[in-house]
Amino acid sequence: MSPKTLYDKIWDAHVAHAADDGTCLLYIDRHLVHEVTSPQAFEGLRMSGRPVRAPEKTIAVPDHNVPTTLDRAKGIDNEESRIQVEALDKNAKDFGIHYYPVSDVRQGIVHIVGPEQGWTLPGMTVVCGDSHTATHGAFGALAHGIGTSEVEHVLATQTLIQKKSKNMKVEITGKLRPGVTAKDITLSVIGETGTAGGTGYVIEYCGEAIRDLSMEGRMTVCNMAIEGGARAGLIAPDEKTFEYCMGRPHAPKGAQWEAALAWWKTLYSDDDAHWDKVITLKGEDIAPVVTWGTSPEDVLPITAKVPSASDFTGGKSGAAQRALDYMGLTPGMALTDVEIDTVFIGSCTNGRIEDLRAAAEILKGKKVKDGLRAMIVPGSGLVRAQAEEEGLADIFKDAGFEWRLAGCSMCLAMNPDQLAPGERCAATSNRNFEGRQGRGGRTHLMSPAMAAAAALTGKLTDVRDLM
Amino acid sequence: MDKFDTLTGIAAPMPLINIDTDMIIPKQFLKTIKRSGLGVNLFDEMRYDDDGNEIPGFVLNQDAYRKAEILVAGDNFGCGSSREHAPWAIKDFGIRCVIAPSFADIFFNNCFKNGILPIALPQAQVDVLMKDAEKGANARMTIDLDNQTITTSEGEVFAFEVDPFKKHCLMNGLDDIGLTMEKAEAIATFETAAQQSRPWV
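Residue numbers (this note's numbering), protein chains in the order written: chain D, 101 to 567; chain Z, 849 to 1049.
A hint or two may mislead.
Stated by the list, open to error - Restricting the straight-line Cα-Cα distance to at most 25 angstroms, the calculated cross-link-like pairs of lysine-lysine (BS3-like) are:
1. D/K263 <-> Z/K1014
2. D/K174 <-> Z/K1014
3. D/K193 <-> Z/K1031
4. Z/K1014 <-> D/K264
5. Z/K1015 <-> D/K263
6. Z/K879 <-> D/K266
7. D/K193 <-> Z/K879
8. D/K266 <-> Z/K1015
9. Z/K851 <-> Z/K1015
10. D/K405 <-> D/K269
11. Z/K879 <-> Z/K979
12. Z/K915 <-> D/K190
13. D/K263 <-> Z/K851
14. Z/K1015 <-> D/K264
15. Z/K915 <-> D/K264
16. D/K190 <-> Z/K879
17. D/K263 <-> Z/K979
Just so you know, these hints were derived from the structure itself, not from any lab. The model shown is predicted, which means the values in this text are computed figures rather than measured ones.
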C-alpha cells in the first residue's frame, strides 16, 4: 500500500462517490450550523420539500449575533439579529436537529461548543458555514468552512462535492521560548506563507512544538489555517487528543470507545508520504508577534518597528501603504509605542479556558490602564463557568475587565460589541481586515497574554517584560 | 441557477490585492435571511462615506463603471470569511465574472454556486486586462465560457482554465443538489458501510 498523509487517510475513508474527473462526493460526519449562514439554506429545503438527511449529525448554536452583556435574557434589541436567531430556533425545531439555544449554559461559539460536547472527534469530516471550521482540525478531523449553498447541499445529502486538495506540511521544530504561544506560531506561519500561501492545500501542522501544545493551543493553530489560505489545518491525534475526547457527552463509550481508539491510532501521516509543499520553522525562532496592518500576513515580532511601503514589492507595496494609512501608523515607529483604546480577549481563536488562564496570569493583582475599554468574552457558557470556578473571573473583574457572556462578539462585531471609527484594539481574534471590528476600527492581532499586557500599559507591549 | 454562456460587458478595474469578504460585504449586511438585495451594499465601506453618500473616487461610483458586469482585481480575491453574501452581493450588483491572479478557495467555490465565473490568470495577463478595464465604458470585454477565452476591447485573446464539471454546471445552470440526489444510492451504500466500520460517528 502506498504511503499516505493524514489528509489522504481521512479523505479515502469518506469518499461516497468518485467521478472519473476526480470530482467526489465526500460524506460529512458532523455538520455544525449557526444563525448567519443557514437561514437561506433551510429556506431552500422548505421550498424544495427536502428534509435534513441526517439530523442526528447536525448541530446548531447561535453565536454571531447574540449579545454578550449580562442582561441578554431580555432579548435582542436589533431586529434583524433577533429575526436571524429566531429563524435558527425555528429551523432547529422544525428539522429536528441538535440545538443549544441562547438560554442554554452550553451555548457558545460553534467551534468551541463542538469539541467541548464531544461532537468533534478524530478522523471525522466536519463542515460549517464558517471559515473558522478549520479549528476542528486540531483533533485530526478534516474540517473546513463552506458557503450557504453548500450548507443546503450537506443538509439535503450529507455530502459535499469536492476535489482533493494538495498536501502541505508545516513543521515547527524544537521548543517555544517563554512568552510565546500557539497564537504566535499560527501568526508566524502566515507571516511566512502569506495569506494566499495555503490556497489549494490542506495543511498538517507537526513537529515537537505542535506536539507540546495542549488541545486548546492546537485549536488556536488550526483555527487560523484559513487565514493562510488553506481550507483546512490538521494535527494528528495523540494521547492528548484522546484524553480530551474521553467522557465528553457525545464521545463514544465502552466498546465503541475502544473500537474508535483503535482506528484513531492509525491516523497519522506515514513516514514516506508525499508532500506537495513543506515549510519548517524553528520553535525557538518564534517571538511574541502582533499584526501592524490590515491582513493577517502583516505580522512582526513585538520588538520590531512599523514598516514602510517601500519595504515591499509588487501589489503588496500599494496594499501596505493603504494599510498604514488605514491603521494610522508612521513607518519606523516602534510597535511598542502604539497606543490602544480597547482590548478584546475572546473568539473561536482564543476564547478557551487556557486562553483565559494565560490572560489571568498577566492580569492577576493589576489594573487595566485608565480610560481603556477592556472585555473578556468566553467562548462558551461552560468556559465561563469554569473560569468562575477557577477564580479567573474575579481577577478579570478586579483588573477592570468587563466579564461577558459567550458569543463571537467583537471578533466580527455583528452584535453591539464594536469599535468606533479610529479606535484601536488589541485583539485575540483572527482578522484585522478594514472595518472588521467596526467601521474605521483598527485591529492588532495577538495572543491572550499579549493582549492582557497591552491592557495594563495601554500600548502594544512585549509580554516578556511583564513576566 | 442562472446559466453562464458568453458575456460582453464593461469591466471595472480594482487593482488591489487581498480584497477580503469584509470589504466585499461588511458584516452588518449579513443579518438578512434572504439572498437578494445586497448589490446596493457591495463594497459598502469603500463605496459610501459615514453619511451614506457615494465616495466619488471609488470605481463603481464612476459613471463609466456603474453598469460593470466584470471585475478585474488583484491577488487573493475573496479571502476571509465563508459568507456567500459576498457572491450574492456581486451578482445582485450585476457582476457575473471576476478576473484575478488568484482567489481564496471558499469564495471561488461559492461563485460557481451562484452563476458567477471566477477566472484566475497569470499576473502579466491580469495586468493587460486591468489596463483594458481602465479605458472605461467604451472598452468592453467578452468572456466566452464554452471556448474558455477572454477577448479584450483591442481584440487580444487570452485562454483560461476552468474545472470541466463546474463549467458544465455553469453553462447549463444545474443545481448541485439535484445532481447529487441522482447518486442517492451511492450515499446510502456508503452510510450503511460506515455504520459498520465507524458506528460511533
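Q: Would you check the hint for D/K193 and Z/K879, treating anything up to 25 angstroms between C-alpha atoms as holding?
A: Distance ~21 angstroms between D/K193 and Z/K879 Cα, so the pair holds.
Q.
Given the hinted pair D/K263 and Z/K851, is their Cα-Cα distance within 25 angstroms?
A. holds (22 angstroms)
Q | Proposed proximity, D/K264 with Z/K1014 (alpha carbon, max 25 angstroms) | A | holds (15 angstroms)
Q: Compare the distance between the alpha carbons of D/K263 and Z/K979 with 25 angstroms, and conclude whether the hinted pair is satisfied.
A: violated (34 angstroms)
Q) Under the criterion that the straight-line Cα-Cα distance not exceed 25 angstroms, is the pair Z/K879, D/K266 satisfied? A) violated (35 angstroms)
Q: Quickly compare the C-alpha distance for Z/K1015 and D/K264 to 25 angstroms and report which way the hint goes.
A: OK: Z/K1015 and D/K264 at ~18 angstroms, within 25 angstroms.
Q: Sort out whether Z/K1015 lies within 25 angstroms of Z/K851, counting only the CA atoms.
A: holds (10 angstroms)
Q. Regarding the pair Z/K1015 and D/K263, is the alpha-carbon distance no greater than 25 angstroms?
A. The hint holds at about 14 angstroms.
(Q) Tell me if the straight-line CA distance from D/K266 to Z/K1015 falls inside 25 angstroms. (A) Holds, because 22 angstroms separates the two Cα atoms, which is no more than 25 angstroms.
**Q.** Restraint status (C-alpha distance of D/K405 to D/K269 at most 25 angstroms)
**A.** violated (30 angstroms)
Q.
Run the distance test for D/K193 versus Z/K1031: straight-line Cα separation, threshold 25 angstroms.
A. violated (28 angstroms)
Q: For the pair supplied as a hint, Z/K915 and D/K264, confirm whether the alpha-carbon distance does not exceed 25 angstroms.
A: Answer violated: Z/K915 to D/K264 is near 37 angstroms, above 25 angstroms.
Hint compliance for this structure: hints 2, 3, 6, 10, 11, 12, 15, 17 are broken, all remaining hints hold.
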